[in-house]
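Student: Spelled out from the first residue to the last, the chains are:
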Amino acid sequence: MKFLDKFREIVEGLTVHGQSTAILKVKAQIDNLFILITMGDMLGIPILPPYYSLRLVPYVFPNIQNWKRYMLRERDFTDLVT
Amino acid sequence: MLDTPAPYVLLGLVLYFLTYHLYAKRIDKKIWESDPNRPTPAKLYFDGVEYFPVSKYVLFGYQFKSVAALGPIVGPLTGVLFFGWVPALMWVILGNIFIGWAQDYSSMMMSLRNEGRSMGPITYKLLGDRARKILLAYLIFYLIIITAVFEWVIIDVINRVPGTFTAVLFVFLGGIVFGMLIFRMRMDALIATLVALAIVFIGYLLVVYVPALRAPPTNFMDSPEFFNTYGFNPALTYPGTFTLLFWLLVLSVIYYISATTPMPKFLLPTVYVGYLPSIIALVLVLIAAIATPLTGLTIQQTPVRDLFVDPLKNPQGGPIWPILFVTVACGAISGWHSLVSSGLTPKQIEYETDALPVGGGAMMTEGAVALSSVAAIMVLAQPPTGAAAYVQGATLLTTKLLNIPEIYMRILYGIFVVVMGLITSMLFVRVFRLVMAELFEDKPLGNKYISPLVILTIAGFLAFVGSWTNLWIYFGGTNQLLAGLALLIIAIFLTSIKKPSTYVFVPGIFMAITTLAAIAWETYVYGLYALMNKPIGVQAAVAKLYGSEIVSISNLLSAVFGAVLFVLGAVMTYYLITGWLRYRRS
Amino acid sequence: MRGLRGLLDAKPNLKVLIYAGKGGLGKTTLSAATSVKLSSMGRKTLVFSTDPQASLSDVFEQNVFGRGEVMLARDLYVMEIDADKKINDYVASIKRKIIEMYRLDKLPRDIEEYVDSAAAEPAMYESAVYDAMIDVVSEEKYDYYVFDMPPFGHGIRMIAIADVISKWVDKITELRKQAYEYGRVAASLKRQKVTYEDEILKELEYIRGRILKFRDIVMNTETTAFIMVMTPERMTILDTEKAIEMFKSLGLQLSGVVVNQVYPPELAKRPDAPQYLKRRVEEQRKYMAEIREKFGKYVLAVIPMLNREPKGIETLKTVAEELWTPTKRLEDYI
Chain U
15 MKFLDKFREI VEGLTVHGQS TAILKVKAQI DNLFILITMG DMLGIPILPP
65 YYSLRLVPYV FPNIQNWKRY MLRERDFTDL VT
Chain G
3 MLDTPAPYVL LGLVLYFLTY HLYAKRIDKK IWESDPNRPT PAKLYFDGVE
53 YFPVSKYVLF GYQFKSVAAL GPIVGPLTGV LFFGWVPALM WVILGNIFIG
103 WAQDYSSMMM SLRNEGRSMG PITYKLLGDR ARKILLAYLI FYLIIITAVF
153 EWVIIDVINR VPGTFTAVLF VFLGGIVFGM LIFRMRMDAL IATLVALAIV
203 FIGYLLVVYV PALRAPPTNF MDSPEFFNTY GFNPALTYPG TFTLLFWLLV
253 LSVIYYISAT TPMPKFLLPT VYVGYLPSII ALVLVLIAAI ATPLTGLTIQ
303 QTPVRDLFVD PLKNPQGGPI WPILFVTVAC GAISGWHSLV SSGLTPKQIE
353 YETDALPVGG GAMMTEGAVA LSSVAAIMVL AQPPTGAAAY VQGATLLTTK
403 LLNIPEIYMR ILYGIFVVVM GLITSMLFVR VFRLVMAELF EDKPLGNKYI
453 SPLVILTIAG FLAFVGSWTN LWIYFGGTNQ LLAGLALLII AIFLTSIKKP
503 STYVFVPGIF MAITTLAAIA WETYVYGLYA LMNKPIGVQA AVAKLYGSEI
553 VSISNLLSAV FGAVLFVLGA VMTYYLITGW LRYRRS
Chain D
70 MRGLRGLLDA KPNLKVLIYA GKGGLGKTTL SAATSVKLSS MGRKTLVFST
120 DPQASLSDVF EQNVFGRGEV MLARDLYVME IDADKKINDY VASIKRKIIE
170 MYRLDKLPRD IEEYVDSAAA EPAMYESAVY DAMIDVVSEE KYDYYVFDMP
220 PFGHGIRMIA IADVISKWVD KITELRKQAY EYGRVAASLK RQKVTYEDEI
270 LKELEYIRGR ILKFRDIVMN TETTAFIMVM TPERMTILDT EKAIEMFKSL
320 GLQLSGVVVN QVYPPELAKR PDAPQYLKRR VEEQRKYMAE IREKFGKYVL
370 AVIPMLNREP KGIETLKTVA EELWTPTKRL EDYI
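Chains as they are written, first to last, in our numbering: chain U, 15 to 96; chain G, 3 to 588; chain D, 70 to 403.
Incorrect hints may have been included.
Stated by the list, open to error - Calculated pairs, DSBU-like style, for lysine-lysine (alpha carbon to alpha carbon, straight line, at most 35 Å):
(1) Lys259(D) <-> Lys240(D)
(2) Lys315(G) <-> Lys16(U)
(3) Lys236(D) <-> Lys267(G)
(4) Lys16(U) <-> Lys262(D)
(5) Lys154(D) <-> Lys84(D)
(6) Lys16(U) <-> Lys31(G)
Keep in mind that the hints were calculated from the coordinates and are not lab data.
Turn these sequences into a full structure, and let the hints steer you where they fit.
Tutor: This is the structure in C-alpha cells:
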C-alpha cells in the first residue's frame, strides 16, 4: 500500500470511523426493532398478516441472523464505553 | 542544544521506537504467538455493525483518537509542576516502555482471544460476578471524579484564555450544521465537512481579529475588589467564585444535552468537527518541540524539585512515590485505555498481528503527545498552574516556530484543550447515564433525564469547591488503579492459558500498590483537612466566601470517595492476586 | 322478497357479490346459479371459488380446479383456485428469492423452519384466498364477480384491523426510512455509495396497498353485496345470527339472506306424502317463521329443494330464475 493510502486510512480512523460505526449501531437498533415488529410472529406477536410478512423475509434475512446474535450476546457496562 | 527540550523529546521517541521493535514484537511473537491465520472475532462474528474487519491503519487512527485526549496533555504538565521535568519525562518514557503499551496491546489481545469481549465479561469469566460488580462500582466513582476534573480543566482554560468560549461555540455550531447537512439535507459528507470546517475557521478568525469577541473576560462575574481583599491573583481561576459557578452551569447544560439527545445528531458531529482542527494542533506542537534548537527556546524549568511535600505545609502534591505515578497517567499508562482497547477495536481487528501496531502503536504515539506536553512546560519560566499552562507553553513553542502573532496560537490551543476536554467528558456523562440505565432500569436513577443530573450535581459540587490539583491526583489514582487491575486480569488470563505472565504481573502489582498508596495518601490529606476544618490551598477562596464548613463537607465527601475507592481497589487487588495464584497452581 | 333483481335495482353499481356462510348450505350452487343468470343477460361474469370439495367443477360438471379463468359459456367464466398450491408456490418463491439474493447453497435451518411454520398457519389459507380475490377484482376484466367465500375465520379480521395495519405500516415505514438514512450517512462518511435502494419500503407500500384494496372491496356497499346463505334449521339460524353480529362488529353491511334447501309446503299437502316429509315440512314452517321474524327484511329469495342434484348449466337456470325473481312470497312458506 502506498504511503498516501496509509495516510488517508489513518485520517479516516482519526475522524470518521468512530462516527460511522456509532451511526451503524443506531441503525442496527432500528433494524432490530423493525424485525421485532414485522417478524413478530417468530416470537408469537403477529402484527402483519403472515401472508404478507413473509414477503419481507428475503430483505430482512441478513438482519435476522444479526438480530438473533444481538439478542443472545451478553451486554456489559464495559461495552458502553465505546 | 542540550538546554532545549528537543534532545529529550527525541530520546523518548527513539526509545519508543526501539521498544516497539525489540521488546514489543518479542512479546507479540513469543507470549501471545499472534497468528495472522487465526480467525479474529471480526471474521467469526461478522455482523457489519460492530464486528467487521477494518484495515489496521484505520483502526490505528481510531484507537489513537479514542485514547488520546486531555490526559496526555494535563498529566505530564502537572507532573512537571510538582516534581520538575526530569522525573516527569522519565516516567512518561519508562512507564510507557514497560507498562503503557503492554497494557493497551495485551487488553486488545485478550479481547481478541475472548470473542471480542470487553473487560467486564472477561473479568466475570475469570473471577466471577463479585469481581465484575466491584469493577462496575469502581467505574461509577471513576466517572464522577473524571467529570469533575475535566470540568475544572475546561473552565480554567475558558476563563483564562478569553475568546476560547466564543470560538468553541462556533465548533458546536459547525457540529450542529454538519449533523443537519448530512441528515436533513442529505448532503455529501465531504462537502458538509468543508462547510463545518469553514464555520469553525471563520469563528477562529473572528476571535483572532475582533478583540471584542474575546469575551467574556477572565473572572468576569467577580469584582476586582474581591481579588484584592483576599490577595488572589485575578488572572487565575479560583474555586468558589461566581465565574466558576457560571461556567459550571454552562458546561452542565452542554453535558446534559449531549447525554440525552441521539448521539448521531449532536454528540458525534460535534466531536467530529472539533477533532479535525485538533489534529493540526497536536502535530504542530510536536514538531515545534523538536524544532526548539532552531527556534531558540530553552528549558526554563527546574529539572528536579520538591520530591517530598509536607501535607500540612502544602497539601497540593505529595511525595514523588506514589504521587508522580498517578499524576502522569495518559502517555505513560492509563487504565481507561484497557476499556477502550477491549471495546470496539478488537471487534474489528482483521488479523491478530494487527493488534500490536494498533494497540501498542497508538499508545506509543500517545507517549509522543505526552512528550510534547512536557516540552511545552519546559520552556515556560513562570508557568501558571492548571491546563492553561499548556496553552501558554504550546503557544510559545508554535508561535516561535511559525513566526506569527501570538494570538493566533493562543486561541488555537485554547480551542484545542477545551474541545479535547469536552469530547471526552461529554462521553463520560453519557456513559454514566447508560451504566445507570443498565443498573437501575426503570427506577428513577436509571431514568435517562435524571441520571445525568446526578453526576452533574456531584461532579459540579466537587469542581466548585475542590482544589483542582487534588482532584487530578484522585482521578489519576482511580485511573491508574484501573490499569493495575487490568494488568492483573491479563496476567490471570495468560496464566489460565499456560503462558508466562511476568511482563504484565509485575507492572500490575507495581501499579496496584502505587495507586492504592496514592489514593490512601489523598484520602489522608482530604480527611486531615476536613477534620482540621481547614481549606486546601485555593479552597481558601471558598472558605472565605461561604465559610469553612462547605469546604470541609466537600473534603469529607472526597475523603469518603477516597476510602470507598481504596477499599474497592484493595478488595479487587486481593481477588486478582489470589485468582492469579489459583490459576498458577491448577 | 325482492330477489337478486331487486338487489341489483337498488344498487345499480353492484359489481361484487359475495356468498358467505358455513359449508354444506349450497353456497357453491347459488354462486354458480347467480353467475349463470348474470352472464345470460350478456354481462361478463366471473364466478370464483376456492373450496376443493363441493366445488364449482362438480356443479358445472367440468374440471376447472387450479386452471385459472375458464370460459364455460358466453360471458360465463369460472375460476377455482388451488389455495394450497398457491401457498406452496408462494413459500417456495420466497425461499428461492432468499437463496438467490444471498447466493446460498441452502436455506439456514432456522429460517426454513420459520417460513414453513408461517405457511402452516390457518390464517395463511384465508389470506391467500383474499389475495387472489384482490387480484381478480383489481384487473377489472369483468362486469360481475361472484365469490363463493370459504367460511370466515381469523383472516376476515384483516378488514377490521385494516386501518390499524395501515397505521402500523406507516410506523414501520418511518422506522425503515430512519434506518436507511442512518445507513446512508454512515456510508457517506466513509465515502461509500449506498448501492441498494430500500426494497423493503416498496414491499411495505405494496402490503399496505393490498390490505387497503381488500378493505375497499368488501366495505364499499355500493359495489359489493354480502349475501348470507342459510337453511331452515335450528343451527344455521343461530350461526347466521352470530355471523350478522360479527359483520356488524367489523363494520360490514349484510345485503341479503338466501334461504336454501326449503321443502315446498305444497309437498306436504299431497295425499301420497310420506309421514316424515309432513313432519319435516311442519318443522320447517316453524323455522321459516323464525327466519321471517329475525331476518325478514334481508331475505332475498327462498330456493326450494330440487328433486335432483343441481348440476349443469340447464338445471342451474331454474335455481337462477327463482333467485332472480322469486315466484312466491316468504309467507307462503310459513
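Student: Is the straight-line distance between the alpha-carbon of lysine 315(G) and that of lysine 16(U) 35 Å or less?
Tutor: Roughly 59 Å separates the two Cα atoms, so the pair is violated.
Student: Below or equal to 35 Å on CA atoms is what counts here, so check lysine 236(D) against lysine 267(G).
Tutor: holds, 27 Å
Student: Are the Cα atoms of lysine 259(D) and lysine 240(D) separated by 35 Å or less?
Tutor: Satisfied, since the Cα-Cα distance of roughly 29 Å is no more than 35 Å.
Student: Measure nothing beyond the straight line between the CA atoms of lysine 16(U) and lysine 262(D); if it is 35 Å or shorter, mark the hint as holding.
Tutor: holds, 24 Å
Student: Could you grab the alpha-carbon distance between lysine 16(U) and lysine 31(G) and see if it respects the 35 Å cut-off?
Tutor: Distance ~26 Å between lysine 16(U) and lysine 31(G) Cα, so the pair holds.
Student: Has the given pair, lysine 154(D) with lysine 84(D), been kept, meaning a C-alpha gap of at most 35 Å?
Tutor: With a Cα-Cα distance of about 28 Å, the restraint between lysine 154(D) and lysine 84(D) holds, given a limit of 35 Å.
Violation of the numbered hints given earlier is confined to hint 2; every other hint is satisfied by the structure.
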